[in-house]
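One line per chain: the protein sequences are G and F, in this order. Here our numbering is used: the first residue of the first sequence is 1, the next is one more, and so on. Here our numbering is used: the first residue of the second sequence is 1, the next is one more, and so on.
Hints are computed from structural coordinates only; laboratory data are not their basis. No false leads were mixed into what you were given.
Covered by chain G, according to a simulated footprint, are these stretches of chain F (three or more residues, beta-carbon under 8 Å): (1) 57-68; (2) 267-274.
From the derived model, a few chain G residues whose C-beta atoms are all more than 12 Å from chain F: (3) GLU27; (4) ILE29; (5) SER37; (6) MET52; (7) ARG69; (8) LEU93; (9) TYR102; (10) MET123; (11) ALA132; (12) VAL176; (13) PHE191; (14) GLN204; (15) ARG301; (16) GLN306; (17) GLN312; (18) LYS317.
Every residue, glycine too, gets a C-beta built ideally from N, C-alpha and C.
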Amino acid sequence: MFTSSRKFLLLLLMLGCNSSLRAQSSETIQRKAELDSLANKFVKVHAGQVVMSRRADSLAQAITRLKSRPASPLNERALDAAYRDSQTLADTLQKAQSEEQYLDQLLRQKAEHLLKNLSHEIMGLVQNANEAKTQRDQKKYAQFTRAAQVCRQWQKQCQEILASPPTTILIYEVRVHPDDDAATLLRKADFLHDQADRLEREGQRLKQKLTELREEATLRSRMTEFAQDLALLEPSNESAQRNPNTGRSDFENSGFNDGSLAGVVNANREAFSSAEVLIALSWPEQVSELSLQDLSDWQKRLRQAQKRLHTQADSLKQKAEELEALSRVRQELQE
Amino acid sequence: MNPFRVAIKLFSMTFLLAKLALAQSAWQLTSRLQTGVEYDSNIYESTARQVSTSVGRFLMQNRALLTAQHWRISLDYAGALLVYQNHRDENKLLQDANGSITWLAKNGFRLYLRGQGNLKLYLQSPTDYGTTSGTLGVIFPLTKKIFMEAGAETGQLDYARGNNFDFTFTGASLALRRQLGAKAMGEAAVVYRKLEYARASFVNAPANLDPETQQDDFTALRLSANYSKHLLLQGRLELQRNRSNRGVFGYNRAQLHVLVGYPPLPHWLVRVSFLLQRKRYLDAAPPISLPELDPEREQSNHLVLDISRDLSQTLALLLRLSHHNNESPVRSFFYRKTLLFAGLEMRF
Numbered sequence: 001m002f003t004s005s006r007k008f009l010l011l012l013l014m015l016g017c018n019s020s021l022r023a024q025s026s027e028t029i030q031r032k033a034e035l036d037s038l039a040n041k042f043v044k045v046h047a048g049q050v051v052m053s054r055r056a057d058s059l060a061q062a063i064t065r066l067k068s069r070p071a072s073p074l075n076e077r078a079l080d081a082a083y084r085d086s087q088t089l090a091d092t093l094q095k096a097q098s099e100e101q102y103l104d105q106l107l108r109q110k111a112e113h114l115l116k117n118l119s120h121e122i123m124g125l126v127q128n129a130n131e132a133k134t135q136r137d138q139k140k141y142a143q144f145t146r147a148a149q150v151c152r153q154w155q156k157q158c159q160e161i162l163a164s165p166p167t168t169i170l171i172y173e174v175r176v177h178p179d180d181d182a183a184t185l186l187r188k189a190d191f192l193h194d195q196a197d198r199l200e201r202e203g204q205r206l207k208q209k210l211t212e213l214r215e216e217a218t219l220r221s222r223m224t225e226f227a228q229d230l231a232l233l234e235p236s237n238e239s240a241q242r243n244p245n246t247g248r249s250d251f252e253n254s255g256f257n258d259g260s261l262a263g264v265v266n267a268n269r270e271a272f273s274s275a276e277v278l279i280a281l282s283w284p285e286q287v288s289e290l291s292l293q294d295l296s297d298w299q300k301r302l303r304q305a306q307k308r309l310h311t312q313a314d315s316l317k318q319k320a321e322e323l324e325a326l327s328r329v330r331q332e333l334q335e
Numbered sequence: 001m002n003p004f005r006v007a008i009k010l011f012s013m014t015f016l017l018a019k020l021a022l023a024q025s026a027w028q029l030t031s032r033l034q035t036g037v038e039y040d041s042n043i044y045e046s047t048a049r050q051v052s053t054s055v056g057r058f059l060m061q062n063r064a065l066l067t068a069q070h071w072r073i074s075l076d077y078a079g080a081l082l083v084y085q086n087h088r089d090e091n092k093l094l095q096d097a098n099g100s101i102t103w104l105a106k107n108g109f110r111l112y113l114r115g116q117g118n119l120k121l122y123l124q125s126p127t128d129y130g131t132t133s134g135t136l137g138v139i140f141p142l143t144k145k146i147f148m149e150a151g152a153e154t155g156q157l158d159y160a161r162g163n164n165f166d167f168t169f170t171g172a173s174l175a176l177r178r179q180l181g182a183k184a185m186g187e188a189a190v191v192y193r194k195l196e197y198a199r200a201s202f203v204n205a206p207a208n209l210d211p212e213t214q215q216d217d218f219t220a221l222r223l224s225a226n227y228s229k230h231l232l233l234q235g236r237l238e239l240q241r242n243r244s245n246r247g248v249f250g251y252n253r254a255q256l257h258v259l260v261g262y263p264p265l266p267h268w269l270v271r272v273s274f275l276l277q278r279k280r281y282l283d284a285a286p287p288i289s290l291p292e293l294d295p296e297r298e299q300s301n302h303l304v305l306d307i308s309r310d311l312s313q314t315l316a317l318l319l320r321l322s323h324h325n326n327e328s329p330v331r332s333f334f335y336r337k338t339l340l341f342a343g344l345e346m347r348f
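Okay, chain F solo, but in the shape it has when bound:
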């Protein structure tokens, strides 16, 4: 598979769709192109053998929004092509698509249907996969300052070859949102999900193989707050609990995520993302289990610093430094990587 041919086809298709959307004056369309070079210190996310190289990165994002008096339709597509120097096997095409339709009632009641899809194509590796999910939710005001959001969701992950790591999930969420003064908003939410894996559960059966498939119960309590005055600040604390019929996957996890955006000077913007995690597995086990096949799917600890300088209304220079210390596919083993990206971003 030629990565460039695939990329060009996909990008052209979305660009065409975007143009079609633009032709309809009711649609608001915004696009973003990002290109540059990145240094990656550990391209295979390995805990033992770190290979570094430079990566060519191209990203395109199109967003379309249709707003009527009682309806809002939002479509968002982002595609990124990563080309690794001297390591073609790691070349990949990442695609993320989101869409939502919201019905807005006069009294603040909102009903929405949200869909999300993610497709990761390793252009010369057999580990391509796609994820999809959908949420049906409702937002309604309890008082003038308090809103409640309730949703039901379903989703799945599917690897192109083999189904050992595939799963489906169904779940529900309930969130309470409150305006805290004029500049801040707080949220408390509970999320529950039941995950059904396609693989067999290796429980304590005599033959070490049980016909039952692995099933996980995942619960999370999330507390988050946003603050906005001259800077944007978002903090989130999430307490997760995962219980599995395959004991080695039972864990408790606490995650703290802070996002900050601050313009120190006109035309300059500093953005920071900080993630810290503490994870505790319930059962002791040799580090052999594979909770996820793709190491990039796990996020544990990171610090990302992004500095951008607007050259014009549409063009900006970007410099992004990130350091990650994430859990590898091998349980409790962590890999480290540092990324340094320099490039240009165009918004129109």
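Same shape as in the complex, but just chain G:
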């Protein structure tokens, strides 16, 4: 599983352990540098968004407090200022979210390109290392081996970026104030449409992951059934040496389930935050690492998340349409 914060940590680590070795080709080094630069930007944007999110939270609390106070001219002015601040903050956050999403897509593209390069690169380096070993050139051998190791590390990082779920989606509440003019209302409606579109896009990605999980679970259980059929019906390995573990090939018990590493790791991991405004999507990076039980659990969680995304997107769209209608009414009134 790869959450947004883990991605942040990974990118930080990537930036930290960026050792340059001349054994790699210049193209690969350039692509890695581009990826690092993007990762750097992503980290900054993400950090900025985290700060803004905290500000938004504290502002929402302040507004709630102000509302609970008895009405007074001073209080009304403070409330008005807070609303204006929240509007500005929502706009900035929208921009930051769009930028983060854009960077995320770019980062995936770059990672994909680099990954292609690295596969060739590693093969070449291993070949060079073998040649150096044959020629007994210890210095070159060590250099190529070290470079291949670094390439493998990069390869792993790229794979993790590609397998990671999308960044956390923050849904900000958009409120209509009595003094909002038609243009402001349209802007707010646009904001809601953007958020709904993003949720729908993520819903699509989630659907793909669900299909992947379902196919893996089906394939595994069908293979287990096949092995069980062979043990039960065919002239089969039930000899004196039969062992429940060795006599049959069980895809659930022979490593893919009981001993599954991810199964152990993910056993108690909660997938989703309970916060209403925070839609933290997460899914397993590699479905083949999961046990059958974990595959089933993940399917359940992702189905719930899919439902939630659809509901949230529909609700945002409906709200946006209401705002558009209201904007039209206000426009007519102003005219």
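Put chain F on the given structure of chain G with help from the hints.
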């Protein structure tokens, strides 16, 4: 004994138990029904006189799983009824039951108790038998990617009539499992078993009969690997060594088993099982000894090709072709048989 009456009673009982399990919402229950017709080219597993016929086959499997935060209970029952046309003496009811209870600790440590039972009822033949075994084992992580599994086991085989071929065994196993990248897993394991037969050992005693019973020491080294990406692939190489106080049963054996599952198109699934064996007996002996009474208990070489097409989410068409070249009860003699099965499978 009426085979249908027995089958109906057994199936009804398990179905009822399954329904009871389902009534408890914490249990996850899955069932599978398979029915069809099979052509069997050598129903008696004979090396000399091959008799072929068509076989009606009905299989039912129920699996129940209860998962709690630290516990997992798994129960699995499979029953199959095989009815041979014009050869009622070969009709049989096969039953396989497995159960396990696992305690899962947070740090990846797992303690399990696994039980297994197998009952083969020849409905008009006196060679019914049952096997049972139990394993107490532990799985624990050595590093982030390496797991170790250690287990102690015991089991037995018991024929309904006579005890000449009955045996008990105790043993231990140790396995090292390692995640090889994201899509593969490798395993190396050692298994040791001591088998105690009920029959007397016919060793080189003056009277050709020694009061000692036959005892075998069985050791196996197993190397296996699983790969999963768009297809499932499992390969296993097992090197076995059997030493007996009855010399004619001492042997070395190497077995290679490959299982492949591949969906070539949506709704289609191809499954293949390939087993190849090389067995070498240590002592030369006339081919009279009977290591096992039931020829179906020995598996040596086979190729099984299974193609299935999903008609819906619950229903699938099955076609399975298998060819076997297995060692018969007579040492070093092999019988061949070909099976062709066509049927339907329902999963719910």
